[in-house]
Amino acid sequence: MSSAPTAGGVGRRVSRTAPYAFILPAAVLFVVFMLVPIAYTVFLSFRRTQAIGLGLGPNSREQVFAGWENYAATLTDPELLDSTVRVLGYGLILVPVMLGLALLFALLLDTPRVLLARFARISIFLPYAVPVIIASLLWGFFYLPSVSPVTAVAEALGLPAPDFLGLDNILVSVANIGVWGGVGFNMLVIYTSLRSIPQEVYEAARLDGCSEVQIALRVKIPMVMPSIILTSVFSIIATLQVFSEPKMLSPLTNSISTTWTPLMKVYRDAFIANDIYSAAATSVIIAVVTLVLSLGFLRLVNNRAFGGEQR
Amino acid sequence: MSTTLAPGATPTLTAGPVGGARRPSGRRPPLLASAVLLLGALYCLLPVLWVVTAATKDNTELFSTFTFWPSGSLLDNIRELSAYRDGLFWRWMLNTAVFAGVGAVASTLVSGMCGYAMAKYRFRGRNVMFNVLLAGVLVPGVVLAVPQYLLLAELSMTDTYWSVLLPSIISPYGIYLARIFAAASVPDDVMEAARTDGAGEWRIFTRIALPVMVPGLVTVFLFQFVAIWNNFMLPFIMLSDDTRFPVTVGLYSLLNQGASQPALYTLVITGALLAVLPLILLFLLLQRYWRVDMLAGAVK
Chain G
1 MSSAPTAGGV GRRVSRTAPY AFILPAAVLF VVFMLVPIAY TVFLSFRRTQ
51 AIGLGLGPNS REQVFAGWEN YAATLTDPEL LDSTVRVLGY GLILVPVMLG
101 LALLFALLLD TPRVLLARFA RISIFLPYAV PVIIASLLWG FFYLPSVSPV
151 TAVAEALGLP APDFLGLDNI LVSVANIGVW GGVGFNMLVI YTSLRSIPQE
201 VYEAARLDGC SEVQIALRVK IPMVMPSIIL TSVFSIIATL QVFSEPKMLS
251 PLTNSISTTW TPLMKVYRDA FIANDIYSAA ATSVIIAVVT LVLSLGFLRL
301 VNNRAFGGEQ R
Chain Z
1 MSTTLAPGAT PTLTAGPVGG ARRPSGRRPP LLASAVLLLG ALYCLLPVLW
51 VVTAATKDNT ELFSTFTFWP SGSLLDNIRE LSAYRDGLFW RWMLNTAVFA
101 GVGAVASTLV SGMCGYAMAK YRFRGRNVMF NVLLAGVLVP GVVLAVPQYL
151 LLAELSMTDT YWSVLLPSII SPYGIYLARI FAAASVPDDV MEAARTDGAG
201 EWRIFTRIAL PVMVPGLVTV FLFQFVAIWN NFMLPFIMLS DDTRFPVTVG
251 LYSLLNQGAS QPALYTLVIT GALLAVLPLI LLFLLLQRYW RVDMLAGAVK
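Quick note, the sequences are listed as chains G and Z, same order. Everything in the first sequence is counted per UniProt numbering, starting at 1 for the first residue and increasing by one. Everything in the second sequence is counted per UniProt numbering, starting at 1 for the first residue and increasing by one.
Only chain G is shown next, with the shape it has when bound in the complex:
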C-alpha cells in the first residue's frame, strides 16, 4: 500500500476534490452499469404481471409484488436443476483438466534445457487470442461429421468415427473448447510465478539430492499454489457462466437444448418466453451461487494452502 501525500507538509495542500474528480467517471459507470442493473434485476425478481379487469386491451396488465413466487418457481423448475447439474459436470471436467494441463505445461516449460520451449509457449498461449465464439466455431466444424478431419482420418483407417456432437459426448466436447481456450493463459500465469521463485531454492534442493521431478512436486507446486488458486477461482466463475460455446454449437446439433446451461435458460426465459421476472430471479440465483462458491473456495483453499505457512 502506498503512503498518501502528507497533508500540511512543505508543499501546497492536496486538493480535497481531486481524487473524487479522478474517480468520478468510473464511479458513474459502475453505478449505472453494475449497481443499478443489479438492483433493478433484484426488484424485477420480486414482481409479476397481473391482468386488470377482463385482461383485454394494451394496458390491461399491471406489475404487482410477487413475493418469493418467482424464486420458488425457479428453484423447483426441473429445467434449471438439469442445467445446473450439467454445468457442474462440465466444470468437473473443465477445471481440473484445464488447470492440470496448465500446471503440467508450466512445469515442463520451467524444466532446465527443455527443447522448443519458446515455440510451445507461444503456440499454447495462441488460443487466448481466439475469441471464444470463433473457437467454438472452429471446434464445431471439427466435431461436425461431414467436415471433421477426425472423421476423415478415422474413415481412412477404417475405424468408427466418434460422434462428438451426440448426447453421450457433447459435455466433453464443449469442455474441450474451454480447455483449448483457457489452458495457455493459465499456463502463463503459473509459469510466470514459477519464474519468480529464486534459483537458490532449487540449488538447495539439488544439493539435498532432489531430482527434477521431486523439485517440481515438493518445491515448485507448493510455491505456485497462490496462482493455482487464483486461476481456479476465475475458472469456476467462468464455468458457471458458460453460454457462448454451447450457443455457438447449438445450430450444429440437436444435443444442446435451449436450456442447456443456466444462462441459456435465462436467455430463453427473458427473450424467447418473454418472462423477464423469472429470468431475473434465475439471474440473481446464479450470481449469488457464483459469489458464494468463489468466496467459499477462496476461503477453503486459503486455510488449506497457507495454514502451514504462517508458522
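Wrong hints could be hidden among the right ones.
[What the hints assert, rightly or not] Computed list of chain G residues with no C-beta within reach of chain Z, every gap over 10 Å:
1. F46
2. R48
3. V85
4. G91
5. L92
6. P96
7. L157
8. S255
9. T258
[What the hints assert, rightly or not] Cβ-to-Cβ under 7 Å is the rule here; a few derived chain Z residues that face chain G:
10. V36
11. L45
12. P47
13. V51
14. Y121
15. F123
16. I169
17. Y173
18. E201
19. N230
20. M233
21. T248
22. L279
[What the hints assert, rightly or not] Chain G regions said to be covered by chain Z (calculated; three or more residues, Cβ under 8 Å):
23. 109-115
24. 120-129
25. 133-141
26. 172-186
27. 259-271
28. 275-286
Simulated from the structure, these hints should not be mistaken for laboratory data. Idealized CB from N, CA, C, for every residue including glycine.
We have chain G already, so just place chain Z on it with the hints.
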C-alpha cells in the same frame, strides 16, 4: 486476497533431503518433457491450421477432399464473403474494431484515473469504494448482461452502439490492476515536489503519473480489448439490427442460417479465418506487453 508470500520474500524450504542420493540429472535435454510440450502445442495449433486449409476450399471440396489438404479457392471465398449482402462481413469487422478499440481505450483511461486516485490519495470513502470494487471483480460479468439489457430497454437504448460500448468501459478488474500499478510505479516524492512547484493535480497525473503507468496501462488495454472482443452475450442480447453486429455475433447468425444452407459454411469458415487473423497478429506483435506477471500478481 493478501494471502500469498510477499513478493521477494525468501521462502524457507521446509522439505528436508528426500529420496536419498540420486544421479545428477546430466546435461542432455529432457526429451520426454519436450515431446509432451510439442503435443500440447499441436493440440493448440490444430484448429487454427485446419481453418487455414479449410478456407482455401470451395463448397464441394469442403465436404469431399481430405481436410488438411489445401486447395486454391481462398481468394474466391474472400470475394464471395465480401459480396455477401454488400460487404456485411466487413461492416461486422469494423464494428468489432470500434467496440473493442474505442471501448478498450476508454476503459483504460477510466480505470487508469480511478486506480491512480485510489493508490495515491487518501480520502473519505476510499476503503468502502475499494471493497465494493473487489466485490465487483467477483461478480460474474456475463450474468450482468441480462440486467443491463433490462435497464437499457427501460431507457430505450438497446440496439444502439452505446448499448454495447458503454457497459464495456467499466471494468473492476482493470481498475484493480491500474491501482496496483500506480501504487508500485508513481513516486510520492516526485508528486510532492511537483506540488511544491505549484503544479495542479491534473497536471501531476498527466505529466508524472501517466508516463510511468504506460506499461501497466498497455496491459489493461490489451486485457480489455480481448475481453470486449470475446464478449458474445452482451452484443448478442443488445443488438437486433445485423448491421451493428460485431463479427462474433455476425458469424453466429451466419452459422445459424448455414444449418439449413450448408453452402454458407464456406463463408463462415473464411470469415472465422479473417476474423481471427488480426487478433493473432496483434498478439504476436505485442507479445512482450502481455504482462501476465501483473495479472497473476494481482493477488499478491
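- Task: Give me the numbers of the hints this structure contradicts, sorted from smallest to largest.
- Result: Violated: hint 17 alone.
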